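J.: Using the sequences provided together with the hints, build the complete structure.
Number of protein chains: 2
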Amino acid sequence: MVKKGKTTSKRYRFKGRIWIEGEGGTFLGYGRVVLLERIKKYESIAGATRSIGMSYRHAWDLVKSMNSQSEKPLVTAFTGGRRGGGARLTPDGEKAIKLFWKFYEDFRNFLQKEEMKFRI
Amino acid sequence: MVKKGKTTSKRYRFKGRIWIEGEGGTFLGYGRVVLLERIKKYESIAGATRSIGMSYRHAWDLVKSMNSQSEKPLVTAFTGGRRGGGARLTPDGEKAIKLFWKFYEDFRNFLQKEEMKFRI
DNA sequence: ATTCGTAATATAATACAGGGAATAACGGTA
DNA sequence: TACCGTTATTCCCTGTATTATATTACGAAT
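Sequence order for the protein chains is A and B.
Note that our numbering numbers the first sequence so that position 84 is 84, with each residue one more than the last.
Note that our numbering numbers the second sequence so that position 76 is 76, with each residue one more than the last.
If you're looking for bench data, these hints aren't it; they were derived computationally from the structure.
The list treats identical chains as one, so a pair stands whether inside a single copy or across any two.
The calculated lysine-lysine pairs, modelled on DSS-like cross-linking and capped at a C-alpha distance of 27 Å, are:
hint	residue 1	residue 2
1	K117	K72
2	K113	K72
3	K98	K15
4	K72	K98
5	K117	K95
6	K15	K102
7	K72	K15
8	K64	K95
9	K15	K64
10	K102	K41
11	K102	K113
Please read all numbers here as calculations on a predicted model, not as lab measurements.
T.: Below, the structure is given as structure tokens:
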């Protein structure tokens with residue numbers, strides 16, 4: 001005996017992207033925050049890009065964009081010195097990481113809930 | 001007397017995009033659903049594209065993609081006839097529109113809540 | 001038979017983002 | 001002083017995505 005006509009409907013995945021905008025367009029996004037984390041880890045923009053596989057040019061654009069859009073910069077960089085130069089995360093940089101990951105986690109939960117809710 | 005140091009912090013906008021994926025990539029998104037609505041209104045793919053400013057080629061690819069990813073097509077089209085041809089929305093097409101807008105509305109509420117929550 | 005407006009499809013043209021290469025500045029180190 | 005690895009910046013090239021163009025098919029109306 002067959003149960004009530006319950007079609008084995010196709011499975012759809014609910015997806016999305018989130019980011020935070022300032023006056024100059026994107027301020028924080030997934031890639032930007034990962035970049036911040038790597039800069040923190042390697043204390044270098046170039047080191048971060050190598051670990052991600054991102055071009056230095058691109059990373060530098062992103063850092064410039066983030067710094068210019070926040071009241072206080074998220075990354076401070078310097079040239080010369082023992083290792084030729086380096087970069088550090090400011091306290092605001094650390095805060096930005098935490099802030100975005102919380103937003104991101106909430107979003108993932110939201111998507112999961114919606115996908116459950118809207119089974120066709 | 002000044003209240004506790006509450007800086008007039010910059011205002012950031014929490015933004016995002018959502019879509020629904022099938023096996024062949026994107027199934028429904030904002031642009032696709034608007035396209036469906038216009039096809040319904042004009043009973044024509046070409047008419048829909050004119051109203052949106054989208055190329056016919058692009059619209060046709062989107063319709064093909066949506067139809068191929070759902071069990072039953074969302075749009076049926078025919079050539080010839082009084083007006084040279086036309087296209088109609090199927091019941092599943094109508095359902096898809098409602099489904100996505102609900103998802104979209106929930107998402108907008110989510111973003112608003114998050115933006116309020118995370119005032120820096 | 002001809003015309004008309006659309007669907008359906010292929011091909012050409014264009015725009016645009018992203019990456020690579022090149023270069024200068026910088027300041028410890030050897 | 002010469003060297004090194006990094007930051008900082010400009011210029012150019014290429015792959016990709018989008019748009020435009022062109023062509024064929026279709027069926028009703030005239």
